[in-house]
Every structure is written in C-alpha cells, then in structure tokens.
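Trainee: Next come the chains, spelled out residue by residue.
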Amino acid sequence: MSNDHDHSHGHGHQHNPPGPMVEEVSDFEALEIAVRELAIEKGLFTAEDHRRFTEFAEHIGPTPAARMVAKAWLDPEYKKQCLTDAIKASLAVGVDWLNPTGFGTPSDYTDLRVLEDTPTLHHVVVCTLCSCYPRPILGFQPEWYRTPNYRRRLVRWPRPVLAEFGLQLPPEVEIRVEDSNQKCRFIVMPVRPAGTEGWTEDQLTEIVTRDCLIGVALPRPGMTTNIPLPVHKPAKPGHH
Amino acid sequence: MSQHDRTHHAKIATGKGDPQCFKGTAGPAKFKVGQTVRIKDLPDVFYTRCQVYTRGAVGQVAVVTHESPAPEDEAWGHVDHSEWFYIVRFKQKDLWPEYPAAFANDTLQTEFSERWLEAV
Amino acid sequence: MSSTTRERVLRHLTAVADLQPPVQKTGKAPYPTEITSELFRAYTRSPHDVGGEFDVPCEWTEEEHEAWGHRAYVTTECLAWRGAWCAEERRRMQNVDLGTTQYLGLPYYGRWLLSAARILVDGHHVTLTELINKIDEVKKRHEPAR
Chain A
13 MSNDHDHSHG HGHQHNPPGP MVEEVSDFEA LEIAVRELAI EKGLFTAEDH RRFTEFAEHI
73 GPTPAARMVA KAWLDPEYKK QCLTDAIKAS LAVGVDWLNP TGFGTPSDYT DLRVLEDTPT
133 LHHVVVCTLC SCYPRPILGF QPEWYRTPNY RRRLVRWPRP VLAEFGLQLP PEVEIRVEDS
193 NQKCRFIVMP VRPAGTEGWT EDQLTEIVTR DCLIGVALPR PGMTTNIPLP VHKPAKPGHH
Chain B
112 MSQHDRTHHA KIATGKGDPQ CFKGTAGPAK FKVGQTVRIK DLPDVFYTRC QVYTRGAVGQ
172 VAVVTHESPA PEDEAWGHVD HSEWFYIVRF KQKDLWPEYP AAFANDTLQT EFSERWLEAV
Chain C
53 MSSTTRERVL RHLTAVADLQ PPVQKTGKAP YPTEITSELF RAYTRSPHDV GGEFDVPCEW
113 TEEEHEAWGH RAYVTTECLA WRGAWCAEER RRMQNVDLGT TQYLGLPYYG RWLLSAARIL
173 VDGHHVTLTE LINKIDEVKK RHEPAR
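If you read the sequences in order, they're chains A, B and C.
Numbering-wise (my numbering), the first sequence opens with residue 13 and increments by one.
Numbering-wise (my numbering), the second sequence opens with residue 112 and increments by one.
Numbering-wise (my numbering), the third sequence opens with residue 53 and increments by one.
Source of the hints: derived by calculation from the structure; they are not laboratory data.
Remember, predicted model here, so these are calculated numbers, not experimental data.
Check before you lean on any hint, since a few could be wrong.
[What the hints assert, rightly or not] Sample of chain B residues with no beta-carbon within 12 Å of chain A, all distances over it, derived: (1) I123; (2) V172; (3) H189.
[Unchecked claim] Simulated crosslink set (SDA-like; lysine to any residue; CA at most 20 Å straight-line): (4) K54/A to E189/C; (5) K122/B to R125/A; (6) K127/B to K54/A.
The beta carbon of each residue, even a glycine, is placed where N, CA and C say it ideally should be.
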C-alpha cells in the first residue's frame, strides 16, 4: 500500500500536490514487471498469451486426478487405460494435456504415468532435481514438495519422512520412491480403502486428496482435506 | 541463439505433444524391461539430470518410456538427436549403506536417457 | 539521495562477505594442488542435484504465492510457448547456472524470474543495457510521491 506522508519528523515543509497513489514495489516485483514488459515489447509473447496462460494456471487443481482414481476404483476397464495410456484417460476427467498451447504446457510435457499401489506396494513421488509435478491434472505443488529438504531426504530416508507426514507402513509393504527427473509425470493410485463399499464416484473423489496422489497420505473415509500444515502468507497475494 | 526458429517446436509438436513429437527419432532401444543395468559415472560438468546418488548403482529396467533429446542437450536447445529413456528400479539397500535391513523390500526408481546405462 | 546510496553500498559489501563460504575467506584462489578430486567434483556439481544429501527433520509448510511469483511463472511458460526457450533451458539457467549460493538463498519464484530475465539477454532479445534501463524506469514509476 502507498505510504502516507509521515509528519512525525517534526519540521514543516511544503507539500507538492499529492501524486497518484503508487505502491512501492519490491526488487522482485520491479524485475517481474520489467521482464514481462520487455518480452511483450520485443514480440516474444503477447499480453493476450500471458492472460490466457494465467487463466489456465488459475483453473488447474487436484480434483481431476482425484476423480481419475475414483473412476478407476469403480471401473476395471478405465483403470487399465489409466495404467497404459494415462494421457488418454485424462480426457475422461476433463484434462486435455495438449492445452493451452496445443502441444502441452512447456514444463509439464505430455507423458503422465499412474503408479498403482497394492496392499504390499506403496509409491511416493519426489523430484530431487527441481519440483516436476503433473500440474495439468493435479494443480500446483505444495511448498514442501519444492524444498531442498524434502528432495534431499525422501529418496534416502523415505520412512522417517513419511512418518513426519503421519504415514507409517509395516515392513512387508514395499515403499517405492519415484524420483521424477525427466519428462514423465506421476500420480499415485492408492488402494481403495475399506469402508467405501457402495460409494459413488463423487464420494470417492472427495477422499482422494492431493497428499494421497503424491503418496504422503493414504485415503480413508472422512478424510477430505490434506494434512493440516502451517500456511505462509504472502505480502501481496495472487489468485488462489 | 537469436537466430533459432522460434516456431519450430510448435510446428513439430502441435496436436502431438512432447515427448510424442520425438517418436521414431532415436532408432532401436538398446535395453529391455527386466534387463540389469549399471549407471555410468560420466563427467557431469555444467549440467546433468542423472543424479549423482545413482552413479555406479545396479538396477533393473522397469519401463521403457519414450524417445527424447537428452536433457544435457536440450538444456542448450539442441534437439537434433534423441535417445530412448528408461525407468530403472533399484533396491534401496543397494543405494544407501545405512538403509535399515528391516525394510529390505523398499525400492527407488528414476529415469535415465540411454547414454547413462550400461549392460551388466 | 547520495548518502542513502553510499550507506546501501557499504551494507552490501558486508552482506556479500557474509555469503562467502568459510573456505573462501582467505582472500585468494587456492593453488591447484589444494583441489582434491572430491573438492573438484563438489565445486563443479550441479547445485540442483541434492538427492541423498544430509538434512534434518523440519516443519513442513504450505505457501500461498506472491502475485509477482505467479506472474513470473506464467511469463516463463509464455516464453517457452512462443519459442524463446524450452523448459529444459529454463531449468538449467534457473537451477544450475545460478550457482549454489543463489540456488539455496533465493525464493523459489525469484529464481524463475531471474532465469526469465537471463534468457532475454542470453537470447539476444534485449541488451543488458535495455534491461537495466527498464528495471530503473519501473522502479522510478513506483516511487511514492515526495
């Protein structure tokens, strides 16, 4: 917000007529504006491109991936398609991986793979090199997924890290870490939990949270939100 | 870099996707699902996506995924040569000396372009 | 105001010294024979390759992004959409070329933003002079009225 004139310094002075309300910008904000304006000035993309991609980015979230899992739990043929051609299976939950450019998002590519859990195999995903994540079907990564801490530790100490998220599995269950380091993108298909017999697709979708799709949580009846964690708030928020 | 054709990728990939646009460009895959491979410790000066923690480790090819330029080349915009990519699966106890024996079934898998693999 | 600038400059010189790793505080480059193969590898490693390094349990948190951060993300994707670079070039510039100090010390979207600025210059789409002048102009545009 713009500064009020501070008169606490005690000596009088002449005011210029007040200028327009301007906000101070951080070094990051100034650079962001400069880069975007220059890129548009030089024809590297248009303001309309930026608006269209922003709209795409504001509409992605974890629900389509949750619905994909729910549908797969209910329909063995769909489940087979998820495991052999997840890009095609994504269409059934409203996600066309070629959007919005016609050839996919530049950073997320178009090779989704679904990792099927069994009673003796549990998957969990990390990108040790950066934070690769299947954004078109799962939305944006949680902040913890991007941290060097998660990326250092999950590959080497997966069980202690999962325990910090509240997930402990017996030794008979193989924990398989997927280090997502190339163009493939991954979601976990958990085992359908007990206590969901006769549930509708909507009911099942509700309990497949983002944390379940990464692999740091298991779905269960009544758990419709991610693990509650402290949320760092921004100085100047974007769209959420 | 200012001379490169900025419309090239859209031309080859629209309607297909990436890495689908590189399909058929790498020749025959050298390795098969189930094959035992070792990760080479090639020099990793300037850039690599072959994690150092995998170098020298032995695992099994779990999936043959797709053809694409290797990231070491793509990172400078070179897309003329493609390689096959493979997801290789390791036992955690083979990667980390202190991995608890109690969890001997645990595994890790990650993806490599063909140049990083050698048959064992 | 020149006195504020001078104060800023002197603070900067202290801050930069604080970012130097202890091994570099001798004030001169090491002799080649002092660089073991292990040190060579450590210095020339790709900073983003952190899997398996030691770290301690921490508090996991979520974060709501700054508006500028998401705009920067959209900018990098638009630059790739229209062919100025591809995502892998971005990752190299953003996660490796920056070097370990900036890699670990800057905010996540701060690095996306810097890489977008970098490709404008490295790709010869703008000169550094143009970039400097534009940033200066943007900052002046947003100075509160005096």
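Trainee: Look at each hint and say if it fits the structure.
Mentor: Quick rundown of the hints versus the structure:
The beta carbon of I123/B sits about 8 Å from the closest Cβ of chain A, which is not more than 12 Å, so the claim that it is off the interface is violated. No Cβ of chain A approaches the Cβ of V172/B within 12 Å, the least distance being about 14 Å, so the stated non-interface status holds. At roughly 16 Å from the closest C-beta of chain A, the C-beta of H189/B stays outside 12 Å, upholding its exclusion from the interface. A threshold of 20 Å between alpha carbons decides the hint, and for K54/A with E189/C the separation of about 17 Å falls inside it, so the pair holds.
About 25 Å separates the Cα atoms of K122/B and R125/A, which puts this hinted pair outside 20 Å; it is violated. Simply put, K127/B and K54/A have alpha-carbon atoms about 29 Å apart, too far for the 20 Å limit, and the pair is violated.
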